[in-house]
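All chains, full assembly: derive it from the sequences and hints.
2 protein chains.
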Amino acid sequence: MKIFKYPEESNLKRILTRPVLDNDGIKNTVIDILQQIRKNGDTALRTLTKNIDGIELNDFQVTANEIDAAESMLSEPLKKAIRQAAQNIKAFHNSQIVFEKRIETMPGVICWRKNVPIQKVGLYIPGGSAPLFSTVLMLALPAQLAGCPEIILVSPPDKKSNLHPAILCAAKISGATGIFKAGGAQAIAALAYGTESIPKVDKIFGPGNRYVTFAKQLVQSEGTAIDMPAGPSEVAVLADEFADAGFVASDLLAQAEHGPDSQVFLFTDSATLIEKVSKETDRQLASLPRAEIAAKALQNSASILLKSLPEAVDAINRYAPEHLIINTKDAHILAEQIVNAGSVFIGPFSSEACGDYASGTNHTLPTNGFANSYSGVSMDSYFKKITFQEITHEGLKKIGPIVEIMAEAEQLQAHKNSVSIRLNFCGPEAALLRP
Amino acid sequence: MKIFKYPEESNLKRILTRPVLDNDGIKNTVIDILQQIRKNGDTALRTLTKNIDGIELNDFQVTANEIDAAESMLSEPLKKAIRQAAQNIKAFHNSQIVFEKRIETMPGVICWRKNVPIQKVGLYIPGGSAPLFSTVLMLALPAQLAGCPEIILVSPPDKKSNLHPAILCAAKISGATGIFKAGGAQAIAALAYGTESIPKVDKIFGPGNRYVTFAKQLVQSEGTAIDMPAGPSEVAVLADEFADAGFVASDLLAQAEHGPDSQVFLFTDSATLIEKVSKETDRQLASLPRAEIAAKALQNSASILLKSLPEAVDAINRYAPEHLIINTKDAHILAEQIVNAGSVFIGPFSSEACGDYASGTNHTLPTNGFANSYSGVSMDSYFKKITFQEITHEGLKKIGPIVEIMAEAEQLQAHKNSVSIRLNFCGPEAALLRP
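So the sequences go chain by chain: H and Z. Each residue of the first sequence is one higher than the one before, counting from 17 in the working numbering. Each residue of the second sequence is one higher than the one before, counting from 17 in the working numbering.
Hints are computed from structural coordinates only; laboratory data are not their basis. Remember, it's a predicted structure, so these values are computed and weren't measured experimentally. Mixed in with the good hints, there may be bad ones.
Claimed, not checked - If you anchor each label on the Cβ, the simulated ranges turn out as follows:
1) Z:SER237 to H:GLY163: 23 to 33 Å
2) H:MET89 to Z:GLU120: 31 to 41 Å
3) H:GLY443 to Z:GLN77: 49 to 59 Å
4) H:ASN44 to Z:GLU82: 33 to 43 Å
5) Z:PRO35 to H:VAL36: 30 to 40 Å
Note that the Cβ used here is the ideal one computed from N, Cα and C, for glycine as well.
Quick look at the structure:
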């Protein structure tokens with residue numbers, strides 16, 4: 017980790033600027049994959065899975081037998097942990113479902129909103145060395161709570177054509193209605209266009225490698241909604257002289273082990289802390305299985321010494337981190353001043369890992385500075401909020417003249433007419449329903 | 017309007033398929049405009065405004081004097097109407113601001129969300145023949161209610177380099193913090209990248225022509241958030257034999273006058289109604305100032321006769337209209353079955369025009385089928401919902417072991433360590449804050 021002491025404005029700006037994500041190198045490959053799936057569906061998916069992943073698949077859908085068998089392959093403690101995490105995630109997400117009141121904005125003019133679940137959602141769960149079953153919980157449980165009728169999960173199979181039992185187990189707990197073996201840009205294309213096996217969905221969720229995230233970006237521009245734009249994972253730790261350097265180092269490393277392009281920042285007003293954290297990071301890094309990855313990530317990372325904590329808060333708001341850990345005295349007061357962050361962890365014992373797995377908050381969060389305008393995945397991500405209104409004849413007599421004046425000023429005569437014709441209606445309202 | 021009677025499945029599918037929006041013809045122009053603004057800021061904006069719009073501008077920002085003068089140029093009834101509409105819009109949008117409770121998912125594990133306003137929002141108000149001051153209210157009032165510190169409004173000036181007084185008046189009422197004369201793709205670029213005059217914003221809202229909406233799509237893929245993808249405006253009317261044909265025709269025409277690419281559909285189970293509406297539409301069309309535009313839109317439009325109202329509801333849910341007017345007996349019961357629509361108007365007197373201007377609901381809604389996954393603009397569009405959590409030492413003792421098991425199963429040892437190191441901490445919690 018680089019160390020910057022009291023950087024000047026221009027230097028700070030440079031430090032906080034993220035590397036530009038360049039998709040030029042993979043653009044044509046991904047466009048080609050999308051076209052193949054759109055044109056040839058399952059056949060193309062089968063060919064691409066063979067050519068790219070070296071796996072020959074007959075059927076893409078995971079069978080009920082496979083799902084049932086998965087449960088017996090997990091240890092009891094892991095199953096218990098998954099169930100407890102699911103319970104916490106449900107409790108927190110359930111609290112986000114709010115029923116708003118009907119508002120009578122003028123007498124006889126009644127407006128309201130209703131949460132309606134997106135009918136078909138697609139969830140991408142990355143493969144790779146480890147089974148990311150926590151992401152299954154984070155994406156499928158809110159879909160289940162929202163009442164989405166179709167919850168389609170796709171994930172790349174291993175070399176034996178299987179999905180990991182922890183993924184299947186989490187998917188079952190979370191109410192996935194269809195589980196398919198498919199990965200990469202071709203899986204995103206299958207969800208966006210539909211194939212003979214995999215249903216077309218309305219919205220696609222989930223993290224992935226560059227091919228996956230670029231494919232999501234492309235299908236979004238064609239009209240399929242996605243959860244949010246993607247970027248490498250990141251954490252900012254705001255700490256003062258009172259913070260335990262071992263805790264801080266462990267948080268930085270937990271983020272750094274995600275991938276070589278992860279970014280971690282320590283913001284502090286204590287030069288002593290930087291020194292201690294630096295030593296602790298080296299010490300803890302040495303024994304990590306993913307030390308090589310973490311070490312690479314630390315090369316993109318920095319400790320930044322600032323004159324005061326308010327100055328550090330200001331820098332953090334400019335950076336807009338995905339995760340922010342505030343490990344200082346009076347952490348609550350500083351947390352109140354955060355305007356740009358995905359998720360905030362307050363106090364010495366709130367390790368980010370708790371939020372990644374089990375505390376109840378969602379771990380799908382805006383990275384790459386998108387926290388300035390995007391929220392993490394929540395119940396809001398699975399609902400459309402449809403507005404409704406009902407205006408009575410009496411109500412129209414109140415609001416109609418206002419609409420007529422405004423429509424006329426916007427030179428939209430037919431808009432005005434649609435009100436006037438109703439204002440001129442002089443029969444009893446009931447006459448409209450019994451002609 | 018074409019008439020389709022009891023169409024078969026394959027035919028219905030074709031009827032409900034929207035024309036594909038093709039941006040190929042304008043792609044290079046828009047990309048070039050974006051690059052010019054990014055590179056040369058105000059200078060490029062000045063040149064483009066001169067070359068494209070034929071207007072020479074010295075200053076882009078509207079002065080306080082111009083804004084103050086605007087008010088005196090509007091009629092009292094119009095000012096009064098705007099103020100009443102603003103009050104209704106505020107009342108309904110204010111009801112959407114909900115404070116969620118803190119949730120203790122396990123003892124000592126506390127999670128909550130907080131609404132934080134997006135710090136800088138940019139609002140595009142189209143120019144053209146009429147001043148769309150209602151869009152100013154719809155986009156700026158929620159930003160003001162959310163507490164967005166910077167609310168930047170851009171709109172193309174007229175040939176005398178002025179913005180219409182109704183736009184300025186609505187902008188003042190709605191708390192815009194900066195108003196700029198700029199239009200087209202160049203205005204979107206200015207908001208996305210910033211120029212010497214126009215501040216860079218975090219999120220861009222507002223309708224526009226093909227250049228504007230394609231520019232929004234491009235800057236979104238570069239990282240600036242936008243309100244939603246765009247498409248031509250549209251309405252579906254669901255009506256039965258009890259509906260007044262004049263009302264129905266007036267609603268169809270109000271939508272049709274928006275633009276030649278607007279689309280209107282009548283879904284009904286009554287052949288008689290289709291006949292009556294057809295005659296009424298012809299009659300009302302004849303006297304419209306925008307008859308030519310409306311007539312073109314009606315060419316893309318259709319009346320669809322179905323066997324029953326439930327069948328019609330099913331077709332509407334497949335189409336996912338931006339606006340839906342339900343003008344039937346028992347309209348409420350049918351409204352309950354709608355899962356894909358932007359905004360729903362219930363009953364004979366709920367004309368869409370009321371929602372366009374003054375009832376309180378937002379008129380910025382998902383078109384082009386996006387209502388299957390997007391909501392209209394609401395308070396949610398101006399907030400980030402940041403999650404927070406605080407875990408006590410006691411809380412960590414409960415949740416920590418769960419996180420350790422899950423992190424280990426995902427082979428993320430550093431995640432596990434960040435919990436273990438805290439669980440192994442045996443001093444009193446206070447020691448961390450007074451070393």
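Results for each hint:
Taking the beta carbon of each, SER237 of chain Z and GLY163 of chain H are about 31 Å apart, inside 23 to 33 Å as hinted. Take MET89 of chain H and GLU120 of chain Z: their Cβ atoms lie about 33 Å apart, and the range 31 to 41 Å holds. Here the CB-CB span from GLY443 of chain H to GLN77 of chain Z is close to 53 Å, well matched to the stated 49 to 59 Å. With their beta carbons about 50 Å apart, ASN44 of chain H and GLU82 of chain Z fall outside the hinted range of 33 to 43 Å.
Distance hint for PRO35 of chain Z and VAL36 of chain H: a CB-CB separation of about 36 Å, consistent with the stated range 30 to 40 Å.
The structure shown violates just one earlier hint, number 4.
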